[in-house]
Amino acid sequence: MSTDDQRLIAACRQGDTAAFGELVRRHQDRLYNVVYRLVGNAEDAQDVVQEAFLSAYQSLDGFKGDARFFTWLYRIAFNTAVSHKRRQRVIVSLDANRSRGGLPEPLDCSEETRPGYALEQADQERLVHEALQRLSPEHRAVLVLKDLEGQKYETMAEILQVPIGTIRSRLHRARLELRELLERLEA
Amino acid sequence: MLPERWSRLLTAYVDGELTARESRMVAQLLQRSAEARQLLQKLQSDSDRLKALSRRRSERDLSVDVLQALAEQPLPPVVVLPARVRLKSTPGWIQWAVAAAVLLAAGAAVYLAWSSAPPARDNPPLVKRKVLPDKSVANVPVFPPDPPAVNPVPQVEPVPPEPVALAKEPAEPEPVLDLPDPKFEVFLEVHDPKQTLVLSLRELDGDHPKRLLQDLPRFPAYRAELSCADPAVALERLHAAFKERGVRLVIDQAAQERLLRQLRTNYVVYAENVTAEEVEQLLLSALGPAASHKLRADVREDPLARIILNGLQPADRDELSKLLGIDPARLQPTKPKAPLGVDVRKPLSEQTVDQLAKALKNKQAERLAIVLPYNPVRPRPAASKEVKQFLDNRQEPRPGTVQMLLVLRGSKS
Numbered sequence: 001m002s003t004d005d006q007r008l009i010a011a012c013r014q015g016d017t018a019a020f021g022e023l024v025r026r027h028q029d030r031l032y033n034v035v036y037r038l039v040g041n042a043e044d045a046q047d048v049v050q051e052a053f054l055s056a057y058q059s060l061d062g063f064k065g066d067a068r069f070f071t072w073l074y075r076i077a078f079n080t081a082v083s084h085k086r087r088q089r090v091i092v093s094l095d096a097n098r099s100r101g102g103l104p105e106p107l108d109c110s111e112e113t114r115p116g117y118a119l120e121q122a123d124q125e126r127l128v129h130e131a132l133q134r135l136s137p138e139h140r141a142v143l144v145l146k147d148l149e150g151q152k153y154e155t156m157a158e159i160l161q162v163p164i165g166t167i168r169s170r171l172h173r174a175r176l177e178l179r180e181l182l183e184r185l186e187a
Numbered sequence: 001m002l003p004e005r006w007s008r009l010l011t012a013y014v015d016g017e018l019t020a021r022e023s024r025m026v027a028q029l030l031q032r033s034a035e036a037r038q039l040l041q042k043l044q045s046d047s048d049r050l051k052a053l054s055r056r057r058s059e060r061d062l063s064v065d066v067l068q069a070l071a072e073q074p075l076p077p078v079v080v081l082p083a084r085v086r087l088k089s090t091p092g093w094i095q096w097a098v099a100a101a102v103l104l105a106a107g108a109a110v111y112l113a114w115s116s117a118p119p120a121r122d123n124p125p126l127v128k129r130k131v132l133p134d135k136s137v138a139n140v141p142v143f144p145p146d147p148p149a150v151n152p153v154p155q156v157e158p159v160p161p162e163p164v165a166l167a168k169e170p171a172e173p174e175p176v177l178d179l180p181d182p183k184f185e186v187f188l189e190v191h192d193p194k195q196t197l198v199l200s201l202r203e204l205d206g207d208h209p210k211r212l213l214q215d216l217p218r219f220p221a222y223r224a225e226l227s228c229a230d231p232a233v234a235l236e237r238l239h240a241a242f243k244e245r246g247v248r249l250v251i252d253q254a255a256q257e258r259l260l261r262q263l264r265t266n267y268v269v270y271a272e273n274v275t276a277e278e279v280e281q282l283l284l285s286a287l288g289p290a291a292s293h294k295l296r297a298d299v300r301e302d303p304l305a306r307i308i309l310n311g312l313q314p315a316d317r318d319e320l321s322k323l324l325g326i327d328p329a330r331l332q333p334t335k336p337k338a339p340l341g342v343d344v345r346k347p348l349s350e351q352t353v354d355q356l357a358k359a360l361k362n363k364q365a366e367r368l369a370i371v372l373p374y375n376p377v378r379p380r381p382a383a384s385k386e387v388k389q390f391l392d393n394r395q396e397p398r399p400g401t402v403q404m405l406l407v408l409r410g411s412k413s
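Chains as they are written, first to last, in the working numbering: chain A, 1 to 187; chain B, 1 to 413.
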């Protein structure tokens, strides 16, 4: 854990909420990107990240410091994303059914999807994103952690709280399933 | 097609997590198999495409929202497990005093629990006790009222109108330490796989399971285990299905509280005096194609949702008896005498008026099913009005009826 994180956490424990604000600013972008790929859209990603930070603040005293702060934060965010997804599942599924009928809509209003961005690249990205969203949450999580975040099995096991063998096995199934989905979407 | 052990090696290669020995095996495999080379190329390409996904950033600075939320809604104090370091700093006599106080409190609680437990009833009371309305959380409806049925099932007793559902409390962050723990559960074991049916809920969409129980032996009591992403949603479906068949779900107060607070919980539903056909219909109408579109959408989105059906085992009965706070013998299925509980082989004069009254009462009594929290919390049956209500309402088994235990388990637990 970086000394800056340590210093900020210590300040938070003393009741300094501004220090927590600094922690949020330090980690929000990276966490948001991961959560965005997990939940599939910008609005939910913002909600989940915000909720995860609030949960982290609430249980900051329980953070022992034996893991990296960001690993610990990941774990909270993944749990939050799962429960958020459950609450939103019906809405998400209806949206997904609707969007399957035609071309996928732009994912959000961020820089990459504005008009003028290379169409081919955007289409490719949408395709991969859609395939990712069609995976089960478990498979999506391991792929995001491995390929987007470059985490090792060991850290992934710590974040998802499952044995390393399970991580390896899930990644195997996830990669094969993703392959099938991409082939189907590209056909 | 490549054997799975080879494709596993290839995916681990893409993950960049092979041992030296595995790396050599992959190299040999790639040398001799064009199919392996092709698959690896595709897997690597997929991985590269994932890595190439653009980095998303929130449109706004979330720290502002987080700090604002903290300022507006002070969070409850942090729950920290008792730290040994703190205990060391306290004088020894305080530790002993605390320990003694805890022991005294536990002893008192056990005494109160036993003394307030309902007495063993070999003969259920003839007159059902009237349950007084309670304004506590126990009577807060946890599910929204159902829309009026097209063909409502005629009720023997008038059913009071359901109160309007209260607005749900804002979802609280789930306490990490409060998650269901598989080690906590006895119902996890499947005793005889040959007499067990395992079915993905997605399969219920097709024509396959017209009769869920047809491949199983006829059991006097069934255990169904539903594994799904959100047991609370499944419970909502079951609530409607039970209601359609004139069975009212009585939800234990602890279960109600967890439902209202949207806490991750595994539940147990227990019903008696249902026929095997009703068990099928309940499960199919709650989970199968007949379920509403909204609820089916939830099932389709949950790839892990599955149902396991088998007979109730003695260990299950013991566990259930603990949850209900009664002797396991009281859950043993008894042989029904005859319709209405009256022995038609004997002249009426030999039977007491009480027996007849009891039989008639049984015919008219409302059928109840009980919902209990199972994991990570369990009910306190001695203090549960709902458990008491269910036990007081128990009826003599009717011919052809079975017991049904349903375990609703979150697949993430």
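Keep in mind that the hints were calculated from the coordinates and are not lab data.
Where hints are given, some of them may not hold.
Claimed, not checked - Coverage of chain B stretches by chain A, computed from C-beta distances (three or more under 8 Å per stretch; other residues unrestricted): (1) 99-107; (2) 268-274; (3) 394-404.
What the hints assert, rightly or not - Straight-line Cα separation of at most 35 Å, DSBU-like style, residue types lysine-lysine; simulated pairs: (4) B/K322 with B/K243; (5) B/K42 with A/K152; (6) B/K243 with A/K64; (7) B/K51 with A/K152.
Unchecked claim - Computed from the model, here is a short list of chain B residues facing chain A with C-beta under 8 Å: (8) M1; (9) R5; (10) L50; (11) K51; (12) L67; (13) L70; (14) E72; (15) I94; (16) T196; (17) Q256; (18) E257; (19) G325; (20) I326.
From a predicted model like this one, the values you see are computed outputs, not experimental measurements.
Quick reminder that beta carbons are idealized off the backbone N, C-alpha and C, glycines included.
Verification of the hints:
1. Judged by the Cβ-Cβ criterion of 8 Å, the segment 99-107 of chain B is not covered by chain A as claimed, because only 0 of its residues qualify and three are needed.
2. As drawn, the segment 268-274 of chain B meets chain A at 0 residues by the rule of a beta-carbon pair under 8 Å; below three, the given contact is violated.
3. With 0 residues having a Cβ less than 8 Å from any Cβ of chain A, the segment 394-404 of chain B misses the three-residue criterion, and the hint is violated.
4. This hinted pair checks out: B/K322 and B/K243 have alpha carbons roughly 26 Å apart, not beyond 35 Å.
5. Between B/K42 and A/K152 the CA atoms are separated by roughly 22 Å; this keeps the pair inside 35 Å, and the hint holds.
6. With a C-alpha separation of about 48 Å, the suggested pairing of B/K243 with A/K64 is violated against the 35 Å cut-off.
7. A C-alpha spacing of about 15 Å is found between B/K51 and A/K152, which places the hinted pair at or below 35 Å, so the restraint holds.
8. A least Cβ separation of about 11 Å between B/M1 and chain A goes past the 8 Å threshold, and the interface hint is therefore violated.
9. Of the supplied interface hints, the one on B/R5 is violated, with its beta-carbon coming no nearer than about 10 Å to a beta-carbon of chain A, more than 8 Å.
10. For B/L50, the interface hint holds, since its Cβ comes within 8 Å of a Cβ in chain A; the closest pair sits about 4 Å apart.
11. Against a cut-off of 8 Å between C-beta atoms, the interface hint on B/K51 holds, since the closest Cβ of chain A lies about 5 Å away.
12. The beta carbon of B/L67 is positioned within 8 Å of a beta carbon in chain A (closest approach about 5 Å), and the interface hint is therefore held.
13. A hinted interface residue such as B/L70 counts as satisfied when its beta carbon comes closer than 8 Å to some beta carbon of chain A; here the least separation is about 6 Å, so the hint holds.
14. Interface restraint check: B/E72 against chain A, minimum CB-CB distance 11 Å, threshold 8 Å, status violated.
15. Because the smallest distance between the Cβ of B/I94 and any Cβ of chain A comes to about 22 Å, over 8 Å, the interface hint for this residue is violated.
16. Taking 8 Å as the C-beta cut-off, the interface hint given for B/T196 is violated, the closest approach to chain A being about 24 Å.
17. Because the smallest distance between the Cβ of B/Q256 and any Cβ of chain A comes to about 18 Å, over 8 Å, the interface hint for this residue is violated.
18. For B/E257, the interface hint is violated, the least distance from its beta-carbon to any beta-carbon of chain A being 17 Å, above 8 Å.
19. A least Cβ separation of about 31 Å between B/G325 and chain A goes past the 8 Å threshold, and the interface hint is therefore violated.
20. Look at B/I326: its Cβ only gets to about 34 Å from chain A, farther than 8 Å, so that hint breaks.
Taken one by one, the earlier hints fail for this structure at numbers 1, 2, 3, 6, 8, 9, 14, 15, 16, 17, 18, 19 and 20, listed in ascending order.
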